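2 protein chains.
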Amino acid sequence: MAEVTKVALDAMGGDNAPGEVVKGAVEAVLKEEKVYVYLVGKEELIRAELEKYEYDKARVEVVNATEVIEMAESPVSAIRRKKDSSIVAGMKLVREGKADAFVSAGSTGAVLVGGQVIVGRIKGVDRAPLAPLIPTARGFSLLIDCGANVDARASHLVQFAKMGSIYMEHIMGVKDPKVGIVNIGAEEEKGNALVKEAFPLLKETKEINFVGSVEARDIPKGAVDVIVCEAFAGNIILKLYEGLSSVLVAKIKEGLMASLRSKIGALLIKPALKETMKAFDSSEHGGAPLLGLNGLVVKTHGSSGAKEIYNTVLQCVDFKDQKISERIRDCIQAAAPAE
Amino acid sequence: MAEVTKVALDAMGGDNAPGEVVKGAVEAVLKEEKVYVYLVGKEELIRAELEKYEYDKARVEVVNATEVIEMAESPVSAIRRKKDSSIVAGMKLVREGKADAFVSAGSTGAVLVGGQVIVGRIKGVDRAPLAPLIPTARGFSLLIDCGANVDARASHLVQFAKMGSIYMEHIMGVKDPKVGIVNIGAEEEKGNALVKEAFPLLKETKEINFVGSVEARDIPKGAVDVIVCEAFAGNIILKLYEGLSSVLVAKIKEGLMASLRSKIGALLIKPALKETMKAFDSSEHGGAPLLGLNGLVVKTHGSSGAKEIYNTVLQCVDFKDQKISERIRDCIQAAAPAE
Chain A
-6 MAEVTKVALD AMGGDNAPGE VVKGAVEAVL KEEKVYVYLV GKEELIRAEL EKYEYDKARV
54 EVVNATEVIE MAESPVSAIR RKKDSSIVAG MKLVREGKAD AFVSAGSTGA VLVGGQVIVG
114 RIKGVDRAPL APLIPTARGF SLLIDCGANV DARASHLVQF AKMGSIYMEH IMGVKDPKVG
174 IVNIGAEEEK GNALVKEAFP LLKETKEINF VGSVEARDIP KGAVDVIVCE AFAGNIILKL
234 YEGLSSVLVA KIKEGLMASL RSKIGALLIK PALKETMKAF DSSEHGGAPL LGLNGLVVKT
294 HGSSGAKEIY NTVLQCVDFK DQKISERIRD CIQAAAPAE
Chain B
-6 MAEVTKVALD AMGGDNAPGE VVKGAVEAVL KEEKVYVYLV GKEELIRAEL EKYEYDKARV
54 EVVNATEVIE MAESPVSAIR RKKDSSIVAG MKLVREGKAD AFVSAGSTGA VLVGGQVIVG
114 RIKGVDRAPL APLIPTARGF SLLIDCGANV DARASHLVQF AKMGSIYMEH IMGVKDPKVG
174 IVNIGAEEEK GNALVKEAFP LLKETKEINF VGSVEARDIP KGAVDVIVCE AFAGNIILKL
234 YEGLSSVLVA KIKEGLMASL RSKIGALLIK PALKETMKAF DSSEHGGAPL LGLNGLVVKT
294 HGSSGAKEIY NTVLQCVDFK DQKISERIRD CIQAAAPAE
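If you're matching them up, the sequences are chains A and B in order.
Residue numbering for the first sequence is -6 to 332, as defined by this note's numbering.
Residue numbering for the second sequence is -6 to 332, as defined by this note's numbering.
Rather than coming from a laboratory, the hints here were simulated on the basis of the structure.
Remember, it's a predicted structure, so these values are computed and weren't measured experimentally.
Don't take every hint at face value.
Identical copies carry no separate label here, and so any pair may be met within one copy or between two of them.
[To be verified] Dumping the calculated DSSO-like pairs for lysine-lysine here, alpha-carbon to alpha-carbon at most 27 angstroms:
#	residue 1	residue 2
1	K183	K76
2	K256	K271
3	K263	K214
4	K171	K232
5	K16	K85
6	K267	K244
7	K256	K50
8	K263	K168
9	K85	K116
Bound-form chain A, shown alone (with noise of 0.2 angstroms):
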């Protein structure tokens, strides 16, 4: 048998919490043997959602956490004050190997915080990258780094095009995935600064397939797998995806409402409108990984239900049974062998 993945996760993160976690990592456990959780928050909050399901009681685990990080918190000074807070008990089973990974639908910026400094990243990693798949128009891509640290090093961005093309080979299946870095036009000596000295560093790493450039315009397209790029950058690329389909739907959905013959023809289309906006929903994958790591540690969506918690749950398996934080080791420190 395949060895147990342990999973800590905030059950007081996000907008549905500790109902929706609770519910999600009950079903995990039923669905998979070798998954073990701890629930970690409030305890009396936690135990009256878990006595609505039966599960296997071996293997999920209660650690009270009496304190919450808001949302509006800076996230430095909550990470620092808040030790009994379910972000900072639930980091520390990681980091104490307790837990394998570690998962949270609450504030982002507690858990990048939380991640680098509770978790602590792998010796060698200059940076831990946060990585969420955003949907193309042929299946998903990984945008890295859309994090906390803006103002990346070139060198720093050839870390990120590694330890994506490990996350997308060996956990999404895309074989010698590509890699691009964005930038403002296709041709090599276009770019900023950041860029023009990543490129020939890019260019010159063997452990990944780079094919260049890639323009804002054709990530939507899909044209590459791994979406290299500076924090800033990315956190623009990630924030307008979600601002711009949720005005662009916003607005079909008015024109829909704009006379009677319309009003009829929406309510035919609105089955195979759903099918299609549903295979752009990213949350089918789990959440967005915080890579380089001494453990994983993933934020899911605020607004997470139960199946995107059950989704991370397994994406957690899959990272621990791809080895992934090894696979990220050895080629992070293949590449400086003098440390």
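Keeping the supplied structure of chain A fixed, place chain B upon it in accordance with the hints.
Same frame as chain A, but now just chain B:
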């Protein structure tokens, strides 16, 4: 009677040149008495198109230019070598004061380079930003800068904010336009090095209505009227807007063809949907101006038809009538009285 606005049109630029350029120019001359157009390009081709129409021949002048700058050419060397190209010849008309504005649907790079090199910047303007309108849930916002000069300094962003505000107020009629700087969070302490430096400078700039940071997520909602950013970020926003809109619309269309039921529905919603998408079409307001030059330079879409050309000529009339160049000059030079 108001002064005549003289517009030089690149009759060779874009996918539909010279036919649609000539058609749009003639329509503008027919509509607006105080317009004079130069059609710059291969004379025999232009005259063959002109023969199709009735118009006031005293206000249409053909300027022969035998060369064409192709899309794939390096802009810098093309501007230097092809002295008899429609872009170089048209821009020279502006430099010599014979034309107030130059309009091209051709190579963006060549238009940007030619604008700086041939037309030249207003004294005190450090960079001439390209400022397209992008559609939002509430109308249109000006995205400034999307040009070719990346890695702007904080002081450049302040100038972009001033120029963008003048354009939105006097051309688009937005009173006291809200200015936001593109950032990865709403708080003042967030951002990359450039944004952190620019934020306090923008805050103390009296001539603008600075409202703080704007997250990419809120751009499509129309959160601000003038979106200030460095050109690399602006290019990502502009191109992702185009790419994501077209992929989403294609996905939805694909969904509509999924079943007989949805196909019937699609027929019923078609007119309403077309109307909705039309509200998202920025070409109704002309092309993207390159601001801060000694005269107006406008880049229209490569796919421009007669209507976009027509609208752009009227945009040039507004630009002159509203004295945008003079306003920009006064505003920028007031900040640097030592010059």
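Against the structure, the hints:
no., hint, verdict
1, K183 to K76, "between (47 angstroms within a copy, 24 angstroms between copies)"
2, K256 to K271, "both (22 angstroms within a copy, 19 angstroms between copies)"
3, K263 to K214, "both (24 angstroms within a copy, 24 angstroms between copies)"
4, K171 to K232, "both (23 angstroms within a copy, 20 angstroms between copies)"
5, K16 to K85, "within (23 angstroms within a copy, 70 angstroms between copies)"
6, K267 to K244, "both (16 angstroms within a copy, 11 angstroms between copies)"
7, K256 to K50, "neither (50 angstroms within a copy, 50 angstroms between copies)"
8, K263 to K168, "neither (35 angstroms within a copy, 40 angstroms between copies)"
9, K85 to K116, "within (18 angstroms within a copy, 59 angstroms between copies)"
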